[in-house]
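Its first residue numbered 973, the sequence shown is counted upward by one per residue in this note's numbering.
I should point out that these hints are in silico values taken from the structure, not numbers from a laboratory.
Each residue gets a CB set at the ideal place from its N, CA and C atoms; glycine is no exception.
Don't take each hint at face value.
[Said to hold, decoys possible] Here are the simulated distance ranges between beta carbons:
| no. | residue 1 | residue 2 | range |
| --- | --- | --- | --- |
| 1 | R1009 | L1121 | 29 to 39 angstroms |
| 2 | L1121 | K1019 | 29 to 39 angstroms |
| 3 | H1105 | L992 | 56 to 66 angstroms |
| 4 | D1082 | K1036 | 34 to 44 angstroms |
| 5 | S987 | L1053 | 32 to 42 angstroms |
[Said to hold, decoys possible] DSBU-like, lysine-lysine: derived pairs with alpha carbons at most 35 angstroms apart:
| no. | residue 1 | residue 2 |
| --- | --- | --- |
| 6 | K1122 | K1019 |
| 7 | K1015 | K1036 |
| 8 | K1066 | K1111 |
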Amino acid sequence: MTGKAVVPHKTKPLSDRQRLFVDEYMKDRNATQAYIRAKYSAKGANKNAAALMANHGVAAEIAKRVELYSANAGLQVVDVLERLKAIAWTDVRKIIAKDGGVLPVEQWPDDVVIGGMDVSAEFEKNEDGVPIHVGWTKKIKIWEQVPALKLLLEHLKGGPPSPTVNINQTNNTLVVQQAGDLMNALGWAGKTKTVN
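Throw the hints in and build the complete structure from the sequences for me.
If you want it as structure tokens, here you go:
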């Protein structure tokens, strides 16, 4: 041991405008727009916003808020990884009946993850022109598995996260930059099955 003490980096309290920048940044995670909305000049906003993001005090306040917001929302890394794993390993065959129709939802195994489902009634007119219900059309959307596998592999390798997903793993907390980013990263694959 050398006997030297590690001194944490001291930061000055944030100015009102810096605090406003952090407030605005937390709305959409767009530093350039947050910079402008915080009443800074739009000229050079991209460069100046990047410099402000590098400020230790600003960065610390953002990290603190991200952790707080994530904890309040109950976001945990393990929960998201389990969901990604379920998406990556979803086998749509598990919800298809022997007759080729879709099983009732209550018969689906817990490890099947879908992105959405549309159900619509099918009608035909009888000889008197009266609509008669003849069946159902069920459209099941499943998440793309390859992007989910890529995100899991990036996590396992300890590599950088996908450019559209901002992951903060402080205290086992995960923060997704924007919900739409995760949806875009995973994509959609429409699976359609008509059942009469």
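Hint check:
1. Taking 29 to 39 angstroms as the suggested C-beta distance range, the pair R1009 and L1121 conforms, at roughly 38 angstroms.
2. A hinted range of 29 to 39 angstroms holds for the C-beta pair L1121 and K1019, which are about 37 angstroms apart.
3. Look at H1105 against L992: about 58 angstroms separates their beta carbons, and that is inside 56 to 66 angstroms.
4. Between D1082 and K1036 the C-beta distance comes to about 36 angstroms, which sits within the given range of 34 to 44 angstroms.
5. Checked against the hint of 32 to 42 angstroms, the pair S987 and L1053 passes, with Cβ atoms roughly 39 angstroms apart.
6. The suggested pairing of K1122 with K1019 holds, with an alpha-carbon distance near 31 angstroms, which does not exceed 35 angstroms.
7. A threshold of 35 angstroms between alpha carbons decides the hint, and for K1015 with K1036 the separation of about 29 angstroms falls inside it, so the pair holds.
8. Restraint check for K1066 and K1111: the C-alpha separation of about 15 angstroms stays at or below 35 angstroms, so the hint holds.
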